[in-house]
Amino acid sequence: MQDMKKLAQLLKQVEDQLVVCMRCGMCQSVCPVFAETGRESDVARGKLALLDGLLQEMFKDSTGVQERLSRCLLCGSCAANCPSGVKVLDIFIKARAVITNYVGLSPLKKIIFRKMLAQPELFDQLMEWGSRLQGIFIKPVDELLGTSCARFVSPLGDRHFSSLAPQPFHRAVPFLDTPAGASGLKAGLFMGCVIDKVFPRIGHAVLRTLEHHGVGVFIPREVGCCGIPALSSGDTETYNKLVRHNLKGLASQDLDVLITACATCTSTIKKLWPTLAEELSPPELEQVKTLAGKTMDISQFLVEKLGVKASGSGEGGEKPLITYHDPCHLKKSLGIAAQPRTVLQASPAYRFKEMKEADKCCGCGGSFNLQHYDLSSAIGKHKRDNIADSGASVVATSCPACMLQISDMLSQAGDRVEVKHAIEVYAESLDKK
Amino acid sequence: MMKALIKEFEKVVGKDNVFQDETDRATYSYDAAVLEPVLPALVLRPTSSEALGRVVALCNEHGLPLTVRGAGTNLSGGTIPKTGGVVVLTNALNRIIEINEGDLYAVVEPGVVTAKFAAAVEAKGLFYPPDPGSQAVSTLGGNVAENAGGLRGLRYGVTRDYVMGLEFFDVNGDLVKAGARTVKCVTGYNLGGLLVGSEGTLGVFDKITLKLIPMPPAKKAMMAIFSDMNKASETVSAIIAHRIVPVTLEFMDNFTIRAVEDFSHAGLPVDAAALLLIEVDGHPVQVEEDAEKVEALCRQMGAMSVRVAQDAAERDKVWEARRAALSALSRVKPTTVLEDATVPRSKIPAMIRSIEDIAREYQLTIGTFGHAGDGNLHPTILTDKRNKDEWHRVESAIDAIFDKALSLGGTLSGEHGIGLAKSRYLEKETSRGTMLYSRRIKAALDPKGILNPGKIIGE
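So the protein sequences, as listed, match chains A and B.
In this text, residue positions in the first sequence follow the numbering used here: the first is 1114, and each later residue adds one.
In this text, residue positions in the second sequence follow the numbering used here: the first is 5, and each later residue adds one.
The shape of chain A in the complex, shown without the other chains (with noise of 0.2 Å):
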């Protein structure tokens, strides 16, 4: 029997933020669970009423909203949406905490969390080996856009997923520290786990880059994990570890930006880290906030600090269409929309075009994928019809989870549709000139 009165206590910190959701419901416009499902149990609306609820001790146990929370991408369409600023994301990752600390980390999440992911050296090392065994298990099906299929009947379903790379970016670049150049700025790199052990092309991109503008590059030889994986799941313990992780290889650095290719770091670092420190001593928070205050999407980053423009693409009927897909954690989050599309139409090679909804979720969510795939891949069908129906050849992003998921949405539809990050394409056309 699960003290109720107990749990209502600690979901105080909380009450102050759900009161100001006034039920009006616009949250059903924009939640792409709902328009899938149709329940109200998975809009915000609904789940804001059952942590009400749980506050009220309406409920015997927290088992069922404990559920429905977790059937959350936490893309923050409601919150960006909300007329009355409920701050949606804040109070679902604190419940989750709430909620998790309480009832306790599931044995599987322990594991991955505290054994591995909390453990940046092991976990790197865990995943060399899966690159290298991964072979056995799982075959390619699609070139072009390089994802697999298992071989046998496996976890991990369905998917056609991009495998883990040869080899990893900390393995070529353990290191790096070079002084600014023409530029004047010096950049330390957030890699972040996907594009380090799934897309290290991406972080090489940014490298190029970066040198061709004369920004000098400081890589820490110890980064782990922004910690948004545990952090969704409610593991503040694993979450707080990898924040001091983190800060002690970057904060003693003269930095002046800290830059990310991957939306989700992006939001973790400048959102969350300032925001969920209750753990973390004063001098630690102020570190905290000074790195926040200086991280930004490499897009941003290129558009604002070094005044790239769109290069008159558009015209030259001939080149192939590319097109933007907005991760959530960029645009909604973060505000970030037109400066990679300026990215994007730096390069020559390609004419810009819109998709339909291009800022709608592609329905990644991380761990949600992971739980729910049916709804994931429901909500990421929708955006693989809007890419096919652009024309576009090759789609951009900001992202790299929502790579691995456009990837497997495309490559199950059979499409011959390129995904990119805006960073590749830039770089690319860097190599050109």
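Some hints here could point you the wrong way.
[Claimed, not checked] Quick look at which bits of chain A chain B covers, simulated, 3 or more residues with Cβ under 8 Å: (1) 1140-1153; (2) 1176-1186; (3) 1367-1378.
Just so you know, these hints were derived from the structure itself, not from any lab.
Think of the CB as a built atom: it goes at the ideal place given N, C-alpha and C, for glycine as much as any other residue.
Based on the hints, put chain B in the right spot on chain A.
Structure of chain B alone, referenced to chain A:
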């Protein structure tokens, strides 16, 4: 609820569309009104007409209270179920069955979202004018059941003016047909007229036939700023007296202006007593002429300044301020009580002064904005429901607002409906006879009283 009955419902709507779990049911216990939630015993999501009719019949057979729910955006508690009752969702009945360009009508299922319908109609160069504030999520079934209004009411009327025909299930699950697809129809009782605005108490909509009109080719918006509330409302009367009927004629008081400016920094004059946002539409030549006349009138009546939008972007800017009004107000305090007491147009200055007096008397924060053109104001009380003492004063203030609106010859609700929130005031506005007449209709059509019990006429 009996296991056998739940099995029966599962057969009718499919197992996946029967929500029994307490957690799921809890998410259908409220709507957008500031009222206590009520947990339903069961939630059903029929996916076909047949299933919907069968559900109604089963509920009646077993005497189960039935509340139909679209998007649950009701502001008077019309979608709050009854204890032990069943909530029936319409959002799986969301097909636009026909848009007829020759005969200018459309046939829809009740769960179609208003804005999606308006967009589909617009894609064909046609126009469905009713635009309630919740149109991005609200359903047409809900709009018809509540006779929803919107910003364009002054020129284009409200939902009622667009309902040509209805097919609905009576309480026994028999299909009733009202109206037609023709402009003229005098066949039988005007049952559609009875059902529109009946808040789910007399029948359950299956199909709705809606009137469409051609999309006006041009429009022009402007913002007029006043240092004096009276001048603003005299301007409203003057515009109408000059035989110009704008599409929208919206008003914002000083408190709302300040809240919007705090929120969106759109450059609104925070010292202005009132703002009017005016849009005219129609043929391009007439739009130009009307816009010039309205601008001249505003200046004549003493507007401090008038800004006419020169292009789509500027037009958008004008409306941004209005769209932000409720958001801006609702951020001031945790609980937002949005009222819609409505008075004859000429009584707006008196009503606004009274609202200011009431705010002072009960020591409350009230921002007022709304549809000045049709007298439909939205006094918005900003409070914190957890503060028991203040909440008590809010309730008294609402009583006072209603009393004042009625004494000015107005009505309790312009567009939000009576629902649970205002049923106890209904007799005040109407008469004992009206209540009895309404209750007799209800008793005749729904002898067991299962259709959305408690709404409008109480229990």
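Check: Okay, which hints does this one fail, numbers in order?
Finding: 3
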